[in-house]
Amino acid sequence: MCATCGCSDDAGVRVTDLSEEHRHGHGHGHPHRAPVRAEPDTRTVALEVDLLAKNDDLAGRNRRWLADRGVIALNLMSSPGSGKTTLLTRTIRDLGDEVRCAVLEGDQETLIDAQRIGATGARVVQINTGAGCHLDADMVAEGLHALAPEPGSLLFVENVGNLVCPALFDLGEAGRVVIMSVTEGADKPLKYPHMFRTADLMLVNKVDLLPYVDFDVADCVSYARRANPAVEVLEISATRGDGLDAWYDWLRHHRGRLRD
Amino acid sequence: MHELSITQTVVTTVTQRMQDARVCRIRLEVGRLSGLVPDAVRFCFEMVAAGTTCEGAALEIDEPPGRAVCRTCGAAFETGEVLPLCDDCGSADVEVQGGRELRIREVEVV
Ligand SMILES: Nc1nc2c(ncn2[C@@H]2O[C@H](COP(=O)(O)OP(=O)(O)O)[C@@H](O)[C@H]2O)c(=O)[nH]1
Ligand SMILES: [Mg+2]
Ligand SMILES: [Zn+2]
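Protein chains in written order, with this note's numbering: chain A, 1 to 260; chain B, 1 to 110.
Since the hints were made in silico from the structure, they are not lab data.
Cβ atoms here follow ideal geometry from the backbone N, Cα and C, with glycine treated the same way.
Don't take every hint at face value.
Partial selection, computed: residues in chain B whose CB lies under 7 Å from chain A [claimed, not checked]:
| id | residue |
| --- | --- |
| 1 | L83 |
| 2 | I104 |
| 3 | V107 |
With the sequences and hints as input, model every part of the structure.
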């Protein structure tokens, strides 16, 4: 592409400058195609820029940074209140002797969740997104430098509570975990397919409440598999402890697999 | 609203690429399965473009659909759904391609 005017010799270019010379008179010779449209003094420049490319590049950089340090990062996503922070505090307490954990906490406002995590003794950095509804790779890069997770540790990234926006943004994670709770509708995977399409694991949380709510786990799982036939599913209760051994095994397995 | 950050990417990309040129038209491609709501992009654009070389530019958004093929009966159809049911036989076993485009196609500058 021409750095002076942005015009390009690539296929698909439409140039609509009608003047003999470009108005800004750049002196380099390259053939411009015949004008297609009659709007004087404007020109059309093909850009063909992927809007997620910049985030994806930064995510790739995060991924290499993490891999160099042997840190396994998991991106945890859910609606607000599905139990991400509760699960993390419990996980860190239960696994603390076995593996070092660190957390990047994403919320629009407050340090509350970072303080809940900090009480476990784990390293934690809060990222407040303000008006933003999701973490992006740039925020995570900044968070990583502040957090400086120890080599070999397990890094949980608690995304902003939201089933829509975080789905599009790769952070550089090694795995994606979506948490649903049984107090949400079982049809969430059909309503928010983007989120479930890219998940490695779906946790169905708050199963201690199943006797009190109308939630069919089998339906929920079949909807999730429609969006993503390969998704793994575990049923848990972060407060009562059901299914947590399977979750810890999943973490161990993932960690072992990714470190080899 | 992730449309806000995507729209910011549109404006910074275009202003950087086009340097000082005033932008009068931007054409985007937002696939119907991309997860972006075009109206929300339009809504954000005016706000984000204010005070930049993109201020006042016309925003055109192409919305290509996904192409679906039913694995049960073989029917082929266009769709705006990420998880469509087959138009012909109602099956949910449908393969979908395309429709996820998120690109700046071209700009018109003065
Ligand atoms: N009954 C029940 N409540 C839970 C469970 N997990 C989390 N909660 C509650 O759900 C609420 C929101 O949890 P929190 O961890 O802050 O959710 P987050 O917004 O996803 O981080 C809190 O009141 C938790 O105590 C669970 O397994 N069972
Ligand atoms: Mg939380
Ligand atoms: Zn069919």
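Going through the hints against the structure:
no.	hint	verdict
1	L83	holds, 5 Å
2	I104	holds, 4 Å
3	V107	holds, 6 Å
When each numbered hint is compared with the structure, no violation occurs for any of them.
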